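Engineer: Sequence:
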Amino acid sequence: MLCTTLGKRAVVLSILVLATAVSVAQNINIQTPLVLQKQGSFFVGGRDVASDTLSTLPQADAKGTVSIEQMYVQYQVPVAAAKDAVVFVHGCCLTGAEWETTPDGRIGWAEYFVRKGFPSYVVDQAARGRSASNASAIGAVKTGKLPPDKLPGGFQVGREFAWLLFRFGPRYPESYPGMQFPLEAQGQFWKQMVPDWAYSMGTPNPTVSSLSLLSAQLAKTILVSHSQSGIYPFQVLAQGGTGVEAVVAVEPTACPAASADPDPYRKVPVLLLYGDFIADSPGWSARFQACKAFAATVNAAGGHVSIMETTALGMHGNSHMLMQDRNNLDIADAVIAWIKDQSLSR
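Counting in numbering that gives the first Met the number 0, the sequence shown tops out at residue 345, every number present.
Calculated directly from the structure, the hints in this document are not laboratory data.
There could be a bad hint or two in this list.
[Stated by the list, open to error] PhoX-like, lysine-lysine: derived pairs with alpha carbons at most 20 Å apart:
{"#": "1", "residue 1": "Lys219", "residue 2": "Lys339"}
{"#": "2", "residue 1": "Lys62", "residue 2": "Lys144"}
{"#": "3", "residue 1": "Lys82", "residue 2": "Lys37"}
{"#": "4", "residue 1": "Lys291", "residue 2": "Lys82"}
{"#": "5", "residue 1": "Lys82", "residue 2": "Lys339"}
{"#": "6", "residue 1": "Lys291", "residue 2": "Lys266"}
{"#": "7", "residue 1": "Lys141", "residue 2": "Lys62"}
{"#": "8", "residue 1": "Lys266", "residue 2": "Lys339"}
{"#": "9", "residue 1": "Lys37", "residue 2": "Lys266"}
{"#": "10", "residue 1": "Lys266", "residue 2": "Lys82"}
{"#": "11", "residue 1": "Lys219", "residue 2": "Lys266"}
[Claimed, not checked] Listed next, with one range per pair, are the computed distances between beta-carbon atoms:
{"#": "12", "residue 1": "Glu173", "residue 2": "Ser199", "range": "17 to 23 Å"}
{"#": "13", "residue 1": "Pro147", "residue 2": "Lys37", "range": "24 to 30 Å"}
{"#": "14", "residue 1": "Lys149", "residue 2": "Pro32", "range": "17 to 23 Å"}
{"#": "15", "residue 1": "Val78", "residue 2": "Gly201", "range": "40 to 46 Å"}
{"#": "16", "residue 1": "Leu145", "residue 2": "Thr31", "range": "54 to 60 Å"}
{"#": "17", "residue 1": "Gln216", "residue 2": "Pro147", "range": "37 to 43 Å"}
{"#": "18", "residue 1": "Ala79", "residue 2": "Thr142", "range": "54 to 60 Å"}
In this text the structure is predicted, and so the values were computed from the model without any measurement.
Even glycine gets a Cβ: it sits at the ideal position worked out from N, Cα and C.
Go ahead and model the full structure; you've got the sequences and the hints to work with.
Structural biologist: Okay, here's the thing in structure tokens:
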């Protein structure tokens with residue numbers, strides 16, 4: 000069997016995905032100039048807050064109104080673009096840069112999808128990258144207006160922990176055999192990592208509301224999430240999912256519970272994508288099993304959730320950072336073939 004699947008339709012789909020990906024991979028030259036209809040950036044969502052603890056420095060007024068929780072969006076639209084736009088959402092401790100270029104300088108998924116005809120939208124989650132965080136609580140604690148336990152909860156992941164989290168190897172700095180991630184350029188990857196404030200902003204994260212607004216604005220949207228943001232597209236669907244045509248969750252940290260009402264997730268096709276070495280990671284094994292249980296529940300209710308494992312496609316050595324691995328374009332082709340199959344079959 001070419002993929003871990005749920006039902007006869009998924010088995011046939013997996014065969015078509017692999018066959019189509021092989022042929023599709025041969026029809027573009029990524030060395031040719033990239034031709035765009037337009038590119039730019041904008042912000043979605045957020046809210047205004049007034050505060051008297053915006054600064055602890057004398058050269059800036061501590062009182063004023065600021066915008067917080069907005070989501071930065073960078074886009075590229077090719078000439079003769081497809082109707083479906085692809086929105087890329089990064090994972091824990093990272094920014095939208097994870098989709099742009101690989102650490103060793105190869106083409107990333109954001110550009111590759113544009114070359115394949117898809118409008119590409121790369122976001123920075125709320126309080127990450129170019130999306131502003133709320134500094135007023137920090138100023139309030141430093142000036143004594145709030146107690147220390149009111150500081151927002153954030154974290155920064157060290158490379159030793161990230162090594163296991165991203166499945167580069169069983170222990171730092173030992174790598175798994177045949178590792179596809181470009182470890183010779185790991186220094187560039189570590190520099191991509193930033194402080195993460197996601198768990199200090201409530202559930203669902205404000206990014207979810209912004210993704211809902213963006214999906215409705217784009218009208219035909221494929222949400223591509225990764226890791227920590229893996230749950231976000233499902234939360235968008237639970238909010239109504241206006242404009243969402245499909246969901247691709249790349250190794251989601253969490254899926255909705257198998258016991259949850261499946262109705263919000265039956266409306267659009269969903270692809271759950273996984274790399275290698277999951278059986279060697281208890282944490283990822285448990286997450287994978289939970290998402291498979293969710294998929295079974297939704298499919299039993301008439302939904303269309305497909306599970307694609309790179310190992311079942313004949314690709315081995317893939318890390319948690321599938322979009323940056325050496326065979327990232329082969330994986331992208333399999334995803335694009337799946338997307339095209341959904342548009343043909345609906």
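Engineer: A separate judgement is required for each hint: does it hold in the structure or not?
Structural biologist: Verification of the hints:
no. : hint                        : verdict
1   : Lys219 / Lys339             : 13 Å, holds
2   : Lys62 / Lys144              : 14 Å, holds
3   : Lys82 / Lys37               : 15 Å, holds
4   : Lys291 / Lys82              : 30 Å, violated
5   : Lys82 / Lys339              : 12 Å, holds
6   : Lys291 / Lys266             : 18 Å, holds
7   : Lys141 / Lys62              : 15 Å, holds
8   : Lys266 / Lys339             : 17 Å, holds
9   : Lys37 / Lys266              : 31 Å, violated
10  : Lys266 / Lys82              : 19 Å, holds
11  : Lys219 / Lys266             : 14 Å, holds
12  : Glu173 / Ser199: 17 to 23 Å : 33 Å, violated
13  : Pro147 / Lys37: 24 to 30 Å  : 47 Å, violated
14  : Lys149 / Pro32: 17 to 23 Å  : 52 Å, violated
15  : Val78 / Gly201: 40 to 46 Å  : 41 Å, holds
16  : Leu145 / Thr31: 54 to 60 Å  : 56 Å, holds
17  : Gln216 / Pro147: 37 to 43 Å : 40 Å, holds
18  : Ala79 / Thr142: 54 to 60 Å  : 56 Å, holds
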